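> Sequence:
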Amino acid sequence: MNIKAAELFKEFKDRGVLREMIGADAVIEGLAPVESCGARDLVFLARAEHAQKLGDRKPAAAIVSAECIELLKGRGVPLLVSDNVNLAQAWIKQKYGDRDLRNTEWPRIHPSAVIHESTRVPESVVIGPNVTIGRNVSLGENCVIMAGSVVEYDAVIGENTVIHPGVVVGYGCEIGRDCWLKSGCIIGSEGFGFAQDEHRKHHRIPQTGKVVIEDRVVIGANDTVDRAAYGVTRLKSGTIFDTLCHVAHNCEIGEDCIIVSMTGIAGSTVLGDRVICSGQTGILDHLNIPSDTILLHRAGVTQNVKASGVYAFHPLMPIGDYMKNAAVLRKIHEVKRKVGQLDKRLEGQT
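FYI, in our numbering the residues of the sequence shown are 97 to 446.
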């Protein structure tokens, strides 16, 4: 990275994420956290406490929110003002601070990769060591498939999608454009479908549907998304998954949802758009969660959620009720002591 602050400002002002530049120009050579920045670094300061952490350090420039301006004026640091510092960081770091996933130590297609003769590989695609790609797979332009991944027959991989090491994309599954599938995730594993006979022996019900992941979806490391029994398990555009999440067969996850680590969603459940599931959320099968719902504090969802809102815990309750109950719970030992005293007084009156 080697760019002048004024050039950076113009580039990202045109994209709508920077609105004002204060101070003289400077050359930026890198990005760094505020605690360890040097004289050639760009830093990102979203809040006043971030600016205070700067101490005596003088970076090349700073992306700042409005509340940081007065704290930093007069220090000789060019300030690039943003109404959304975190978004500015995302866009700037994607362009100037990210690794180049296409620049590997291998040939563009590693000689150990096994690719079925019926699959066409565009010139822009990168395929790493020990990758296996089955018959009639559709590979979009500029996709990257890293070491040890498996893409089974009739699967579709969209343009600019990155498949990290050790990923499995099952037969017939479809991955959209600009997706990230992180290491160890499995897309299209067989759904958990069994029938029991009179002796309680289990008999597999073949899961013959598929998984469709739309555009700009991030699947975290070691996530699993089961294929449908019939039809489709669908993850809609813009949704992001943390690590160690599970989506069961025939679920539908709406657009721009956030699914945090260790969340489990049972079969045929439907989440609307922009739903947030915090860590260790559990959702029973065949339920509906409306758009813009937030589930917190190990939420356990056992019934349909009828209205959008913020809910927590198990059994699920509105966040206000949960906070009141939590406040009482912190004093439960005192309540128990007082109840014991009342019991003794009542016993003494009989």
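For the record, the hints were derived by calculation from the structure and aren't laboratory data. These numbers were taken from a predicted model, which means no experiment stands behind them. One or more hints might be untrue.
[To be verified] Label-pair restraints from in silico Cβ distances: (1) Asp439 x Gly151: 55 to 65 Å; (2) Thr200 x Ala403: 31 to 41 Å; (3) Arg136 x Lys169: 40 to 50 Å; (4) Asp250 x Val424: 27 to 37 Å; (5) Glu286 x Thr228: 43 to 53 Å; (6) Tyr267 x His299: 38 to 48 Å; (7) Asp250 x Arg198: 44 to 54 Å; (8) Val210 x Met419: 54 to 64 Å; (9) Asp417 x Ser214: 26 to 36 Å; (10) Thr228 x Asn318: 33 to 43 Å; (11) Thr228 x Arg195: 19 to 29 Å.
Every residue, glycine too, gets a C-beta built ideally from N, C-alpha and C.
> Hint by hint, say whether it matches the structure.
Going down the list of hints, with the structure as the test:
1. Hint check: Asp439 to Gly151, Cβ distance near 59 Å, so the stated range 55 to 65 Å holds.
2. A C-beta distance of roughly 49 Å is found between Thr200 and Ala403, which places it outside the suggested range of 31 to 41 Å.
3. The beta-carbon spacing between Arg136 and Lys169, approximately 21 Å, falls outside the hinted interval of 40 to 50 Å.
4. Taken as a hint, the range 27 to 37 Å is violated for the pair Asp250 and Val424, whose Cβ atoms sit roughly 56 Å apart.
5. About 19 Å separates the C-beta atoms of Glu286 and Thr228, a value inconsistent with the hinted range of 43 to 53 Å.
6. For the pair Tyr267 and His299, the supplied restraint of 38 to 48 Å is violated, since their beta-carbon distance comes to about 22 Å.
7. For Asp250 and Arg198, the Cβ-Cβ distance of about 26 Å falls outside the hinted range of 44 to 54 Å, so the restraint is violated.
8. Restraint check, Val210 to Met419: a C-beta distance of roughly 56 Å satisfies the suggested window 54 to 64 Å.
9. For the pair Asp417 and Ser214, the supplied restraint of 26 to 36 Å is violated, since their beta-carbon distance comes to about 58 Å.
10. The supplied range of 33 to 43 Å is broken by Thr228 and Asn318, whose beta-carbon atoms lie about 20 Å from each other.
11. Roughly 25 Å separates the CB atoms of Thr228 and Arg195, a value that falls within the hinted 19 to 29 Å.
The structure does not agree with the numbered hints 2, 3, 4, 5, 6, 7, 9, 10 stated previously, though it agrees with the rest.
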